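K.L.:
Below are the chains, spelled out letter by letter.
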Amino acid sequence: MASADKPINTDVPEKDVFALHFLQSLSNLRRQNTFNSPEKTNDRVKKIKKAAYVSMARAAGGTNRLWSRALLRRAAKENNKVVRLPRRKKRVTCLRRRRSNRRDPVEEEEAERLRNLVPGGGGMETSKLMEETAHYIKCLSMQVKVMQCLVDGLAPK
Amino acid sequence: MDPPLVNDSSFSPANPSSYTLSEIWPFPVNDAVRSGLRLAVNSTPSDKDVSTAAAAAAAAEESTVTDLTAGWGGRKARALNSEENESSKMVSLSSSGNEVKDSGERKRKLCGSESRNGDGSMKPEGETSSGGGSKATEQKNKPEPPKDYIHVRARRGQATDRHSLAERARREKISEKMTALQDIIPGCNKIIGKALVLDEIINYIQSLQRQVEFLSMKLEVVNSGPSTGPTIGVFPTGDLGTLPIDLHRNIYEQQEANEPRGSHPEWLHMQVDGSFNRTT
Numbered sequence: 001m002a003s004a005d006k007p008i009n010t011d012v013p014e015k016d017v018f019a020l021h022f023l024q025s026l027s028n029l030r031r032q033n034t035f036n037s038p039e040k041t042n043d044r045v046k047k048i049k050k051a052a053y054v055s056m057a058r059a060a061g062g063t064n065r066l067w068s069r070a071l072l073r074r075a076a077k078e079n080n081k082v083v084r085l086p087r088r089k090k091r092v093t094c095l096r097r098r099r100s101n102r103r104d105p106v107e108e109e110e111a112e113r114l115r116n117l118v119p120g121g122g123g124m125e126t127s128k129l130m131e132e133t134a135h136y137i138k139c140l141s142m143q144v145k146v147m148q149c150l151v152d153g154l155a156p157k
Numbered sequence: 001m002d003p004p005l006v007n008d009s010s011f012s013p014a015n016p017s018s019y020t021l022s023e024i025w026p027f028p029v030n031d032a033v034r035s036g037l038r039l040a041v042n043s044t045p046s047d048k049d050v051s052t053a054a055a056a057a058a059a060a061e062e063s064t065v066t067d068l069t070a071g072w073g074g075r076k077a078r079a080l081n082s083e084e085n086e087s088s089k090m091v092s093l094s095s096s097g098n099e100v101k102d103s104g105e106r107k108r109k110l111c112g113s114e115s116r117n118g119d120g121s122m123k124p125e126g127e128t129s130s131g132g133g134s135k136a137t138e139q140k141n142k143p144e145p146p147k148d149y150i151h152v153r154a155r156r157g158q159a160t161d162r163h164s165l166a167e168r169a170r171r172e173k174i175s176e177k178m179t180a181l182q183d184i185i186p187g188c189n190k191i192i193g194k195a196l197v198l199d200e201i202i203n204y205i206q207s208l209q210r211q212v213e214f215l216s217m218k219l220e221v222v223n224s225g226p227s228t229g230p231t232i233g234v235f236p237t238g239d240l241g242t243l244p245i246d247l248h249r250n251i252y253e254q255q256e257a258n259e260p261r262g263s264h265p266e267w268l269h270m271q272v273d274g275s276f277n278r279t280t
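The listed protein sequences correspond, in order, to chains A and B. So the first sequence is numbered by this note's numbering: it starts at 1 and just counts up by one. So the second sequence is numbered by this note's numbering: it starts at 1 and just counts up by one.
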């Protein structure tokens with residue numbers, strides 16, 4: 001839907017944008033850590049993880065993709081901020097597809113697991129879910145690569 | 001309007017019967033066909049006049065098509081007649097002449113109304129090919145996805161109501177997306193079966209997510225490690241020269257086009273600025 005409206009470069013996720021956002025948020029976290037009282041490491045890990053996901057969502061075209069939208073929304077909810085995302089033109093109307101007897105139950109179960117795994121997958125049609133999953137996987141692998149590079153570069157020798 | 005319809009109905013059953021007869025009994029049928037052809041070629045002038053008048057009335061192409069078909073039907077019927085009473089050819093000739101006249105009248109009547117004409121042109125085709133009727137009904141359904149008609153099975157036993165058509169289209173879409181997904185995930189091409197492929201996809205995503213978690217743990221150590229030192233927000237002086245260069249190089253080695261420098265975050269500038277002269 002969104003890809004039909006605007007041409008987003010879905011093929012190559014933006015490494016630069018992700019790295020930029022992520023480094024920014026890392027520096028923010030650093031500043032917070034130093035100014036505030038020291039937190040537990042678990043919380044810090046969670047924050048970094050969240051920052052990574054949010055910057056990935058930003059890099060993946062902001063609110064154009066369903067999964068990035070869901071990620072940003074979740075992050076905003078966790079922050080207890082009221083962030084108004086720009087409304088999509090067409091809302092997803094069918095929240096859960098009715099299941100007919102003809103479909104393979106194993107397949108449906110797997111699709112359900114996938115739905116839980118991909119952010120915002122609960123309200124997607126199955127074909128849309130596949131599309132979003134493909135994009136999500138691309139972005140995730142990009143994220144992993146960039147983070148690996150960061151770790152390698154920042155690791156104390 | 002009614003007589004041509006009656007004629008149609010009377011001619012159309014005659015076609016298959018004549019075919020079968022010709023197959024069963026070749027010699028007399030050949031004779032009859034020849035006689036019919038001769039009749040068509042050198043028919044009486046009155047008949048010719050009728051036929052030419054009909055042709056003049058028929059200006060459109062469809063009318064010619066109907067003429068041809070009507071002529072064939074007449075010939076076949078004549079053949080049948082001549083075969084039935086082989087004893088006297090003159091009788092058959094006279095009867096065939098009458099029939100030609102009939103067909104000419106029918107032609108004229110057909111040409112009179114164009115809508116009738118179209119129907120008349122469509123009808124013999126449908127009758128000659130046994131599956132023509134079903135084809136026409138399928139062509140009505142065609143404006144929906146054309147992929148459904150690539151399937152051979154979709155025509156035969158499967159239901160063609162719109163629900164099952166939509167379901168089939170949906171399944172095709174899903175499988176198409178699934179193959180695209182399979183191409184993305186390494187080593188997923190060999191797996192057969194949707195459930196297994198989905199399982200593999202889920203495993204891959206989970207592994208990626210776990211990797212992200214692990215990396216963020218590492219980054220946490222790296223990010224918060226130096227901050228315990230006295231310097232705030234800046235890496236220790238010893239690392240100032242080496243670290244950011246490595247980081248920078250590692251990130252941007254892989255990409256083709258470097259980002260413009262102006263858009264880097266401030267803290268990166270703070271540390272990297274000194275090394276820019278060296279790297280670039």
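No wet-lab data here; the hints were simulated from the structure. Where hints are given, some of them may not hold.
Simulated DEER-style distance windows between Cβ atoms [stated by the list, open to error]: (1) E78(A) / R171(B): 33 to 39 Å; (2) T160(B) / L117(A): 17 to 23 Å; (3) R171(B) / D43(A): 44 to 50 Å; (4) A169(B) / E108(A): 26 to 32 Å; (5) K145(A) / D183(B): 16 to 22 Å; (6) T160(B) / N116(A): 17 to 23 Å; (7) Q148(A) / G193(B): 46 to 52 Å; (8) E176(B) / Q148(A): 40 to 46 Å; (9) P105(A) / K190(B): 22 to 28 Å; (10) R171(B) / R74(A): 45 to 51 Å; (11) T41(A) / A195(B): 38 to 44 Å; (12) N203(B) / K145(A): 25 to 31 Å; (13) K40(A) / A180(B): 25 to 31 Å; (14) E167(B) / G122(A): 30 to 36 Å.
In this text the structure is predicted, and so the values were computed from the model without any measurement. Quick reminder that beta carbons are idealized off the backbone N, C-alpha and C, glycines included.
K.L.:
Please go over all the hints and tell whether each is borne out by the structure.
P.N.:
Against the structure, the hints come out as follows:
1. E78(A) / R171(B): 33 to 39 Å: 37 Å, holds
2. T160(B) / L117(A): 17 to 23 Å: 37 Å, violated
3. R171(B) / D43(A): 44 to 50 Å: Given range 44 to 50 Å: holds, Cβ gap about 46 Å.
4. A169(B) / E108(A): 26 to 32 Å: This hint is violated: roughly 18 Å between Cβ atoms.
5. K145(A) / D183(B): 16 to 22 Å: At roughly 18 Å between Cβ atoms, D183(B) and K145(A) fall inside 16 to 22 Å, so the hint holds.
6. T160(B) / N116(A): 17 to 23 Å: With Cβ atoms ~36 Å apart, the hint is violated.
7. Q148(A) / G193(B): 46 to 52 Å: Hint violated: Cβ distance 32 Å, outside 46 to 52 Å.
8. E176(B) / Q148(A): 40 to 46 Å: 32 Å, violated
9. P105(A) / K190(B): 22 to 28 Å: 25 Å, holds
10. R171(B) / R74(A): 45 to 51 Å: 31 Å, violated
11. T41(A) / A195(B): 38 to 44 Å: Since T41(A) and A195(B) have Cβ atoms about 39 Å apart, the given range 38 to 44 Å holds.
12. N203(B) / K145(A): 25 to 31 Å: With a Cβ separation near 19 Å, N203(B) and K145(A) fall outside 25 to 31 Å, so the hint is violated.
13. K40(A) / A180(B): 25 to 31 Å: 42 Å, violated
14. E167(B) / G122(A): 30 to 36 Å: Given a distance of about 22 Å, which is not inside 30 to 36 Å, the answer is violated.
The structure does not agree with the numbered hints 2, 4, 6, 7, 8, 10, 12, 13 and 14 stated previously, though it agrees with the rest.
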